[in-house]
Amino acid sequence: MAGDSWIAFVSERLPELWLRTGEHLMLTGISTGMAILIGIPLGICAARIWWLRGPLIGVVGILQTIPSLAMLAILLALFQKIGATPAIIALTLYALLPIVRNTLTGLQGVSPAVLEAARGIGMTSRQRLWLVEIPLSMPMIVAGIRTAAVVSVGIATLSAFIGAGGLGQFINRGLALSNTDLILLGAIPAAVLALIVDGSIAASQWALRRKRSRGSRFRAAIDRTLRPVALALPVVLIVAGCFAYLSMGTSSSNPAWGPSAANRHTVRIGTKNFTEQLILGELMAQLIEAHTDLRVERRFNLGGTMICHSALKSGEIDLYPEYTGTALTAILKQFAIADPDRAHETVAREYRRRFSADWLRPFGFNNTYAITVRKSDAASRNLRTISDLMAISGTLRAGFTAEFSERPDGYPGLRRAYGLQFREVRDLDPGLMYQAIANREVDVICAFATDGRIAAFELQPLRDDLGFFPPYQAAPVIRTEVLETHPELRQVLDLLAAVLDDATMQRLNFEVDEKKHRPSDIARKFLEGRGLLEKEK
Amino acid sequence: MISLRHVSKSFDGGRHFAVDDVSFDVREGETLVLLGSSGCGKTTLLKLTNRLLEPTSGTIEVDGEDIAGQDPISLRRRIGYVFQGIGLFPHMTVAENVAMVPRLLGWPPPQRRERAHELLRIVGLDPKIYAGRFPEELSGGQQQRVGVGRALAADPAYLLMDEPFGALDALTRDTLQQELLALKERLKKTIIFVTHDIFEALALGDRIAILHAGRLEQIGTREEVLKKPATDFVRALFAKPAQQLAAYEGML
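One line per chain: the protein sequences are A and B, in this order.
Numbered by the numbering used here, the letters in the first sequence go through residues 1 to 537 in order.
Numbered by the numbering used here, the letters in the second sequence go through residues 1 to 252 in order.
Derived from the structure by calculation, the hints contain no laboratory data.
Computed from a predicted model, the values in this text were never measured in an experiment.
Built from N, CA and C at the ideal position, the CB exists for glycine as well.
Please note that a few of the clues may not be correct.
As the list claims (entries may be wrong) - Sample of chain B residues lacking proximity to chain A, with all beta carbon distances greater than 12 Å (derived):
#1 HIS6
#2 GLU185
#3 HIS212
#4 ARG235
Said to hold, decoys possible - Listed below are several chain A residues computed to face chain B (Cβ distance under 7 Å; list not exhaustive):
#5 ALA113
#6 PRO135
#7 LEU136
Make a model of the complete structure from these sequences and hints.
Dropping the structure here:
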C-alpha cells in the first residue's frame, strides 16, 4: 500500500484505534492489577510456608503452560460468558507466575544478616515483612510486574476471539479478511503499547527508588519535578485508556464491553471470524437498523462455531448466522442429513427444544465444503469429481482448516467415503489456505463453496459425486426470548430469505476478500441495490 | 543484672551441646567479655540472652526475672544488640536505621529524629553529614558506629555485642575499641561482649569468661585469668600470644 493510502487507511480508523487501544489498556491494567493483588500475597505465603512453596509455584507454572486460546476456551466453557470477564481472568492467571515467582525470589534474597538484625532489635514478624522484607524485595517484585504487564499486553490481543475487544480485534478482522493492513493496525500499536507500559512501570520504579540524587542543584530540581510524574505514569496510562474507551465508545459503533447493552431495545448480533459471516452480520444489522427502532450491537468476529454457540446459549448475543450442516454435526452431534429442507427442519426443532433458539428462513446459498484443486491441475489430470482424486491422492498434499481435519463431516468422514490417502495433510488457517494452494505449497484444499477466492485464484471445486457433504444452508439463529419480545424481527430478517444464491454470496465475498472493500459497505450496496432498505409502504 | 543458671543448648536433640551447663552473673555496669574460638558457643549464649534462641535447659534472668516468661519482642527492645554482620537496613537512611527501635516503640517522628541525631553524635558521626546517607555510602567502621547507635537508641540498660569489630581493619578496630571504653564510662551500660580476639578481650573486659567447647572454663578479671588460669586450656590460651608478643618485640 502506498504511503498516502496507508495514512488515509489509518486516519479513517483512528477513532476505533483509540477505542481498541483503550480497551486493550483496560484489559491489561485490570488483569495486571488483580494479578498484583493476588500474586504478591501468594509469593509471601510461598516464602513463609515452606511446604506451600513447591505446590504453589507448580500450579501457577502449569497455568502458564496452558496455550492462550485453550485457556480462553476453557474459561468460556466454565463461565458460559463471552466478553471481558473470561478475558480478564485468563490474563490475570497468566500474569500470576512472574509476580509470584519474583516476590518469592525477592523475599528469599534478603540478606540473612539484615533479617537477624530485624529480629534481634525486636521487630515482630509482621514488622519484619513490611519494614524490611517487602521494601528490599521491591526491585525484584516490580521486575515481575513489568514482565507480567508486557505479557498481558501481548496475550490481550487474543481476547478479541471471545469478544473482549482490544487491539486484537483488528488482528482478528485482518486474519478473517486476509487483510495485512488491518493485522498491522492491531499488531503495531500492540507492540508499541507493550513498550510504553513497560517504560511507564520502569519510570515509576525509578521514582520510588530512595537514593539521594547527587549532582548539581539544577539536576536535583529536575529530579524533584519528574519524580511524581514518573510515579503516576502507569495510573495515568490506565486512566487515559478508560478515557479513550469512554469518549470513543459512544461515537464508534461497537465497543466490546462497557455499558451493558443487555436491555430490551438492543439486539446483539454475533458472527464467526470469516468474511461471509461478517457480511451476513452486516446485512442483518443494517436491515434491523433500517426497519425497526432497535439498537444493534455488533459483536462480530467471535473465534468459531463453539464460541458463537455458547454466547447464544448464555444470552451474550441474540442472533448469529449458522449453517444447517454445522449445527447438525458439530453442535447436535447427529448424522448429516442430505436433504436441505429436512436438515433445516431438524435443526429448527432441536434448537427450539434444547437451546430455546429459533432458526429463521435460510438466506438461500449452500456454503458447503468444496474439495478444490488448481484449475490447471484439473485440466491436465482430468479431475472433475472427488472420486477422480482416488487414484492419485497418494501424490497430493492437502491443506485443510483445523476444524475440517477434526469434524466428522470433514476429512475423517471424507477419507472413509472416498478412500482418500493424501501424501501429507497440513492444518492451515482459513485465510491462508487459498494463498497456499495458489503458491503450490499444497495441491488440494477444503474451500468454502461460496468463497470468492475460488474464482480469483483460478481454482476448481470438484463435484461431491458420492454426496458426502451435507447441505450447509446459512440462516439466522435467534434466541426465542428475543424473537418473542420483538416479533417484528422475523419479518425483517425474512427479507433476506432466499435472496442470496451461491453466485451472489461468492461475489460479495470476493468484493471483501480480494477488492478489500469493507463488509459494511458491501452489505449496504447490496441492500440498496435490492431496495431492501426502503421502508415498506 | 543478668544471671545464667545451668544453661545448656543443643541443636541436635541432645547428642551434642553448643552450650553445656553454663552459669554466671553479669554485674550491673560491667563489661563481661565472652572469649573463645569459633564454635565454642559464645554467640549462642548471646542469642539465648535475648531469646533469639531458646535454651534446652537452665534459666536466664534479667533484672531478677526469668526471661522464659517474657514477651521476646519487648525483651529484645529492652536489650541493645550489635550484630557481627552489622545488619543495617540498606533501604533506610542512617537516621532511620538508628531510630528504628524508637519507631517500633511508637515514638513520634520529631522525637525520633532528635534522638537519632543525638545518637549519631554519641557514636562520633556528624548528623549533618551522615543522617541522610544510606549505609552503602559508609565505610565499614562508620557502618558499625551506626550499628552501635541503633543498639543504644532506646537507652537500654544492657548491650549485647557479637564480635562487632571482627570485620574491621586493625586501626579502625583499635579506634572503635577506645571509643567504646569511653562510651561505657559515660553511659554506664552493662555489656556482654563476644570476641575471639584475646587482646580485644583484655582491652575491653572488666571480667573475661573463657569458653571452650560449650563449657565455661574460667570467669574472672584479667589479672585472675592471666595469673591464675583455672585450667590448662586457659593457660595455653594466654601463653600463645605472650610468646608471639615476645617474638615480635625481639624483631624490633
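Against the structure, the hints:
1. HIS6: 25 Å, holds
2. GLU185: 25 Å, holds
3. HIS212: At about 25 Å from chain A, HIS212(B) clears the 12 Å cut-off, so the statement holds.
4. ARG235: Holds: least Cβ distance 35 Å, greater than 12 Å.
5. ALA113: OK, holds: ALA113(A) within 7 Å of chain B, min 3 Å.
6. PRO135: The hint holds - PRO135(A) has a Cβ within 7 Å of chain B, the shortest such distance being about 5 Å.
7. LEU136: Holds, about 6 Å.
Checked against the numbered hints given earlier, the structure satisfies every one of them.
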